[in-house]
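Student: Listed below, chain by chain, are the residues.
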Amino acid sequence: MDALTSQHTTPIRANTPWRLAVLAQAVGAILKGNPDTTITGAAPLDQASAGDIAFLSNPKYAVYLRDTRASAVIVTAATHLAWDNPRGIACLIADNPYAMYARVAGCLYREPLPSPGIHPTAVVAASAQIAQDAVIGAHVVIGERAIIGERAVIHPQSVIGDDVLIGADACIYPRVVIYPRCVIGERTILHSGAVIGADGFGFAFDQGQWIKIPQIGRVVIGNDVEIGANTTIDRGALGDTLINNDVKIDNLVQLGHNCTVGEHTAIVGCAGIAGSVAIGKNCRIGGAAMIGGHLSIADGTTVAAATPVFSSIEKPDVYTGVYPIQQHQHWQKNAVHLKKLDTLYKRVRALEQSLSDVQSKAQCLNGQKTKGE
Amino acid sequence: MDALTSQHTTPIRANTPWRLAVLAQAVGAILKGNPDTTITGAAPLDQASAGDIAFLSNPKYAVYLRDTRASAVIVTAATHLAWDNPRGIACLIADNPYAMYARVAGCLYREPLPSPGIHPTAVVAASAQIAQDAVIGAHVVIGERAIIGERAVIHPQSVIGDDVLIGADACIYPRVVIYPRCVIGERTILHSGAVIGADGFGFAFDQGQWIKIPQIGRVVIGNDVEIGANTTIDRGALGDTLINNDVKIDNLVQLGHNCTVGEHTAIVGCAGIAGSVAIGKNCRIGGAAMIGGHLSIADGTTVAAATPVFSSIEKPDVYTGVYPIQQHQHWQKNAVHLKKLDTLYKRVRALEQSLSDVQSKAQCLNGQKTKGE
Amino acid sequence: MDALTSQHTTPIRANTPWRLAVLAQAVGAILKGNPDTTITGAAPLDQASAGDIAFLSNPKYAVYLRDTRASAVIVTAATHLAWDNPRGIACLIADNPYAMYARVAGCLYREPLPSPGIHPTAVVAASAQIAQDAVIGAHVVIGERAIIGERAVIHPQSVIGDDVLIGADACIYPRVVIYPRCVIGERTILHSGAVIGADGFGFAFDQGQWIKIPQIGRVVIGNDVEIGANTTIDRGALGDTLINNDVKIDNLVQLGHNCTVGEHTAIVGCAGIAGSVAIGKNCRIGGAAMIGGHLSIADGTTVAAATPVFSSIEKPDVYTGVYPIQQHQHWQKNAVHLKKLDTLYKRVRALEQSLSDVQSKAQCLNGQKTKGE
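Residue numbers (this note's numbering), protein chains in the order written: chain C, 1 to 373; chain W, 1 to 373; chain Z, 1 to 373.
Treat the hints with care, since some could be wrong.
Treat identical chains as interchangeable: a pair holds within one or across any two.
[Stated by the list, open to error] Taking lysine-lysine pairs in the DSS-like style, the calculated list, with each CA pair at most 25 Å apart, reads:
| no. | residue 1 | residue 2 |
| --- | --- | --- |
| 1 | Lys315 | Lys281 |
| 2 | Lys339 | Lys281 |
| 3 | Lys333 | Lys32 |
| 4 | Lys346 | Lys333 |
| 5 | Lys339 | Lys315 |
| 6 | Lys60 | Lys32 |
Source of the hints: derived by calculation from the structure; they are not laboratory data.
Take the sequences, apply the hints, and build the full model.
Tutor: Okay, here's the thing in structure tokens:
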């Protein structure tokens, strides 16, 4: 397979050409240079060709500015000032060129939308309300009284339960399941395989067996949220599980029942959040991190990747708890001592005491000696 | 989205009103108070209204007893004795009020069942046997010779392989896949996205490439088991993977080929169990715990969350292996030393030796001195 | 459920009987014994019956050689020499009997293939090209311009996006999703629930909110790859995510955008690989291991299970970073000290200094004393 022999870059091709002045206004950037420059795509500085817009965020790539064939570049004001720019390449000025690139790319590139309408193989309950310009894909199943908002796209094979509410412009990728009564906000994206609203893990152990606690709350997801592939978010037991606006959750994340996640928080792949956890706003939960049940995490906290959290965090900071990696034979030696760290600690304490005794005696002896002299 | 502004509680609404005496008998609780009390739902103590039954399990919520508007409360005998109960609220007496609440809620609340029958879009092999009162949802695919038991519900989009056996009253949520020849017990629940019976990870490395070992065993799941969303349980290589009765497995758990899990064991979300692991009865495997291949875990063992297990556990106890969390800059300092713990250990041992030498000499010197005096 | 009372072994039954000489030639083994032996299946040494071929890999099972009823056994040359073999059981000689068993079992056992053709409930775009002998299962959805190779099997409910390319003899199990433009190599196997090509987790944080970075690269998967159930592999942002030939990935693994995985590398279940990671050839990434973003891992590296990796690995070796498991009360004591390991280190350093001072003084004192004598 030739495709595997080299890393292939796909430049962004704009659906229609943009006049740079219009693009600058759309994204809120200051334009320096020819406002009539035509932009037809976006690509990295070193791979851009005529018509492309590129960006410079990391100073170590500044070397590419000289030879880039891009028609426009997104740079900071400082870079713009320092650059002699002999060929007069147009610039968009931004404090954060990477974020500005994201805005620009979002303007240029739109996933092609399927045509509105309900695919003939979809099974839609008679009592469901589907906005006229929504898209319901092949083999989708939509339950009783579900409401699908304007321009929402439900891709093939997804299952939308009874009484589910899906906001305008939401995008539900193929093979998502949303259990009954859950709510999905506007412009929210759910990737394939996500399961929203399965029962929380709630059982009471009694007389030698498990008794299931009915899980009858909902999952309520706000606007502009993105949920990754095969991520699972459980419904609340009695209350709801709440994912606030602009939360971003990666693939294969587990969120237990009755959790709340504050606005703008990001949770990276493979993280596991137990039940009834309250994660604040603007947190960053690293990949494969784990948060135990009934804890709360202060606004603005960062939990490093692979870090398990077993007590609430009240002071925002960066928290880490990761065993450092080593060559196996070194790890083996250290791990043996780690299992006896308490003993080592006591040996150090005993040493300190003994040494102190020796010093006292030596002092005393020395004193005697001095006296004796 | 207003729903996000406050935590919303969904009280349990009974499908039909219950006379308290009948409910008490159904769940095996002692009734104190008016047997004719009508129960129409369940809610937390502080949110209950007339007709609701509430429970008091955690003593810190006892303060809510005074003002609750519940018509009945589940309490321990001790709480019942200590409570003056001026309004004469009816009580159900139980040793474990939370478990009793689970039983009560399970009586009051039943998921509405779809009507029996096979949806016209389902694709059912001619040789499959579907019980007359089973429910086969939209777009379900059922393979040759599969047997679906009485009152079993196969929700939309699930794929049931050839020769699969599904017991009576089982509930297969949307979009589950069961590979050929697997067995699902009675009353067992599989949540959306679960994959039962995919090939185990079995390869032999030979002459520079992987040779696949055919995986032809089954997954056999007992009665009253619950399997979470997007959990994967691999089929055995030659033998079977066995999940015994009343095992509860949370979301996003991986169970490798040829594992056995004993009765009443619970495995919390994101746990990973490698191949050929034998987990005993009544174990608790914490979230994101990991168990290496070919190990056995004694009955009654608890493995803490996020704990990796690399050797068999023969003595039931609580086992933990988790790096404690810290602010990142403290972690950095400690982690450096952890990587050299063996060196630190040797320095302590050397100190002990040196100090011992010093003490001997001091003793000796002191002796000389004393002699000299 | 009787099936649960004992471990059930499923012997491999050959689709047709094999003459041993033909089988030996097919797998490249040396045959010792009767070339006309008929082989009709494979089973473990102690459970084999007439017609079965067994293997001896682990010397501790050599005891089973004496009484086995197998018609042929795969052994090393050394075992063959040492075995008196009174009943003259035919032998296949191999350096690695387990790998040879894998080859033999792969010859004997073939999953029964569904009949070629497109199921009437499948929804196939008019512009898609389906090889005439491919199998397209019930309710499959295939997008515009997708190409499905010869003898490829797309099991029920899978969703194949626009412009996807699937190689000859690929096997896509039920309910896989492949996003648009991704490439799947020949003989590659994707298990149920796998999601190939969802958007990478790419956002820029700007002015208090997340801006999505368009993810327009592809996932390109080579030949002879196997991907486990519910595993997720994200598409590249601009470049591609590349999985090279003969890579084996287990269940519930997350691979971020723009990763590359070299040939013959195996990644065990629950591992999480962040974005832009370059994993070399012939690596072994253990279960629940985690690799941080933008790192590279040298060819031939082994990362132990549950080990988090936060810096690139340049020298191939076995690397481990796992907190050793202990009974909880011992762990508690040790963990307290671990959080203060830097302090303990400093106390040891101070002790060394103090002891050195004491020794100097003692030396000095001793000198004085000696002088004074």
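Student: Please go over all the hints and tell whether each is borne out by the structure.
Tutor: Verification of the supplied hints:
When the C-alpha separation of Lys315 and Lys281 is checked against a cutoff of 25 Å, the pair qualifies only within one copy, where the shortest distance is 13 Å, while the shortest distance between copies is 41 Å. With identical chains, the CA atoms of Lys339 and Lys281 are never at most 25 Å apart, being 37 Å at best within one copy and 28 Å at best between copies. Taking CA atoms no more than 25 Å apart as the test, Lys333 paired with Lys32 passes in neither setting, with 61 Å inside one copy and 47 Å between copies. Taking the shortest Cα distances, Lys346 and Lys333 sit within 25 Å of each other both inside one copy (20 Å) and across copies (11 Å).
Taking CA atoms no more than 25 Å apart as the test, Lys339 paired with Lys315 passes between copies only; the shortest distance there is 18 Å, against 30 Å inside one copy. In this assembly of identical chains, the alpha carbons of Lys60 and Lys32 lie at most 25 Å apart only when taken from the same copy (23 Å versus 65 Å across copies).
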